[in-house]
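Engineer: Heads up, the first sequence is in this note's numbering, so the first residue is 1 and it goes up one at a time.
Treat the hints as calculated values from the structure; they're not laboratory data. In this text, all values refer to a predicted model and were calculated from it rather than measured experimentally. Take the hints with a grain of salt, since some may be wrong.
To be verified - Derived lysine to any residue pairs resembling SDA-like cross-links, with alpha carbons at most 20 Å apart: (1) 356 x 217; (2) 380 x 364; (3) 637 x 217; (4) 540 x 28; (5) 73 x 21; (6) 148 x 21; (7) 590 x 637; (8) 411 x 571; (9) 837 x 797; (10) 391 x 633; (11) 309 x 412.
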Amino acid sequence: MSEIPKRYDHTAAEERWQQFWDEGQIHRWDPTRSREETFVVDTPPPTVSGSLHVGHVFSYTHQDLLVRFRRMKGDNIAYPMGWDDNGLPTERRVQNVLGIRCNPHLPYDPDWKAEKVEGKKKKDINIQEVSRRNFIEACAVITEEDEKAFEHLWRRLGLSLDWSEQYASIDDHCRRVSQFSLLDLVEKDQVYNLEAPNMWDVDFKTAVAQAEVEDRPQQGFFHDIRFGVQGGGELLISTTRPELLAACIAVVAHPDDERYQGLFGKFAVTPLYGARVPILAAEHADPEKGTGILMVCTFGDAMDVEWWKQDRLPVKQVVGRNGRLMPVVFGEAPFESTDPAVAQAAYDQIAGLTAKQAKKVSAELLAQEGSFPGGGVALKGELRSTDQMVKFYEKGDRPLEFVATRQWFVKILEHKDALLEQGKKIQWHPSHMQTRYDHWVEGLNQDWCISRQRYFGVPFPVWYRVGVDGEPQFDEPIFALPDTLPVDPLSDVPPGFDEKQRDQPGGFSGDPDVMDTWATSSLTPQIQSYWGVDAARHEKLFPMDVRPQSHEIIRTWAFYTIVKAWMHSNEVPWHHVVISGWILDPDRKKMSKSKGNVVTPEGLLDEWTADGVRYWTARARLGTDTAFDPGVFKVGKRLVNKVFNASRFVLLQVERVSGEDSLLGVEHITEPLDLAFVERLRGTIAAATDAFEAFDYATALQVAEDDFWRFCDHYLELVKLRSYAEEDTAGRRSAIAALTWGLKTFLRLLAPFLPFVTEEVWSWRFAAEEGRERSIHTSAWPIVGEVDEAPRPQLEGVYEAAVELLAAVRGAKTIAQKSLRWPVAKIEIVGPEIHRKALETVLEDVMRAGHVSDNAVSLEDGPSPEATRFAVNVVLAEEMAE
RNA sequence: AGGCGCGUAGCUCAGUUGGUUAGAGCGCAUCCCUCACACGGAUGAAGUCCGCGGUUCGAGUCCGCGCGCGCCUACCA
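Kindly produce the complete structure, drawing on both the sequences and the hints.
Structural biologist: As structure tokens, then:
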């Protein structure tokens, strides 16, 4: 038995046990055990952004609680760690930290070294352009540092991850699996490549997918613009985007709209540009909005894209990839005009401007005399302000534009029903989170665009034949062979070609894009299972048991992962999804870096102990947002101290009584009070286990914690003096045996929540008992069968009667402002028979704990006051005994 | 605008299939250094269960209508 320290030094203990777990490799997945006895977690790979906040602590601890429970139940745990270093966040961070930009056309410079510019003033930084390969090397350097910071925090938190199972979403293995996934989708005809209008971020200059788009409120202005009608007349269009007038390809109104019945089939003529455009009827036009008749452009919004497709209208793209208006030539298709010279003169004033600038200039042009065909002013009346919702890339600063570009898409629109079915096969915790998934699937309106015009990501394993005209033939892709993956088509050469033929007529050209980061993240189960690489391992790990994540990424991570598992394997990726809520600051706002209200975790761990911080996270039920409340950390730390001190008391008693002999077994538990306590604990074990089985760690904690405090406040006090006995009596043996099993049980019930302090006190005595139990975390989760040798109590309410009477004695002393050790001269107890009988069996323990002298007790029959078992009259002694 | 969730003590939250007088912790008040713990303990005060209506012998719980908060989805005329 190791020496029991007087105080808990959490800093030293936490470090010591982290190291112990590492050395003992107790978190290792055992690949030799069967799938049935294995519990597989699809750990979220955090975006390695370099800054940690308390939100990370929150959801990752939730997973760990469930994992630690399953481990103690005897499961073989597969709990890997992945890092998401792919994509824009890293790219942007690297640009800022190192002051570089990628120029993929530059040659690789082997001597180039990354140098941090943090701390320098903005004007002193010269942005340096580097090659794609240099840029990716720089990314790797930065992410490695960031991963270390995360790993350090995870270890301090006591996450029982298997550190031998790690991946990074940009590493060779992940690139291989991602590219293999694309090839499999090609083979299954679930992916296509198409030039089409698509949402485009003009600053990042990349396509984005529906899932990455968010609506933001913006103030817009209606411009009422007069259009001519061919053959005479005019109509009034209300638009917030006058800068797209040159891109107008039609005018539409609702087919039932009385006002425009005579116009359908005719042509309108745009002001300034003199373009002849058809006037069409369309159900989607809302007679209530604006003037009820609107212009269709290429492309103002998603609806424009729909109309363009539906009515086979021409493309008049004016907004370029950089968000500025492109030069166009009037008088040539598709920019026909009744007066090309006038049109050109007008357009030349907005060409080259940003959309926002062009809007202002367009309004000025439209307000000029002569802007309406045949004389007059096209802009009618004042601008009217309107609140509108505008689509933004979630990481972007300017509105998205619809730009015709060539992109890769995964077919999801035609599979909505099948994807809803897959969602039903998964158990969502809490269950209402499935509704979010359903809503998202039902609301899909675009296929999944998976190509991004960026540098840091997984390339497409694709080349295109180059025609004799020197242009890539996109309908003739050449795919990499699966056993050559991963490839980079910008440096690798497709089968049957050599490097000299790159970008040459008759040769090949590599696809310059990278995949959407979700195209890789959607494969975390397959990455972990080595799908397509190691079939035996895949069998043992896929589908997984549980996916932990937060609710805002149901539409991305959960959804895409379900898509991929279904397309590749016709399976669900996991059987359970557990959803953590958010952390809210005291103003009930979500804590996030952009709001500047985050709390960094390391300081919390210093102040409240790792277990105390874990306690706070464990109090938050799944799916429920939680206030950041230092009061709860405090409670957690108190519990940690209580565990330490109660264990100290029990084990000092055990040490005194048992010496170095083996612990007293449960067969020694014979006293009625002890049996009543054991009976109570049986119920606690069952309740905590049921809750954990249902993924409800919060209830498991509450049940265990409540009963542990009762154990300390009541049972320990009731049994303490009996256990102090000098002689080896049956009563003392019973007390020590019950305390031993009780403590051992509480420690195990609390171990998933408080892994450090429970391990610490477990090591004093229990660890030596059995080899398997060297660590509490690989010891067996308590079951009621352990204590079968202690008979069930014959009477009910024994424990409760004892507690009630002790409270009455304490109350009398408190009211008299006396110490709890103050002796009682006389106590009169009146109550009904059933309660008296229960009490009589434990009366000696209660009287001893209350310092009631012998022969001072009277117990009589009679009614008890409401909600109590007994009427009690306590008379305190005149003086403190010596 | 539709949907999901939430609203219980000053604060953070439990409250099971409807069932006596609605619970816990924090905070607060008063007291107690007792040999596990003062980083502790005892005792106590504190609630219009968001509002209105309904079902029921009985509603915090079920139904309807509101109000407030959060989120999801839709919405660039």
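Engineer: Determine for every hint whether it applies to the structure shown.
Structural biologist: Structure-based check of each hint:
no. : hint      : verdict
1   : 356 x 217 : holds (16 Å)
2   : 380 x 364 : holds (12 Å)
3   : 637 x 217 : violated (44 Å)
4   : 540 x 28  : holds (15 Å)
5   : 73 x 21   : holds (18 Å)
6   : 148 x 21  : holds (19 Å)
7   : 590 x 637 : violated (25 Å)
8   : 411 x 571 : holds (17 Å)
9   : 837 x 797 : holds (10 Å)
10  : 391 x 633 : violated (40 Å)
11  : 309 x 412 : holds (19 Å)
When the structure is compared with the earlier hints, violations turn up for hints 3, 7, 10 and for no others.
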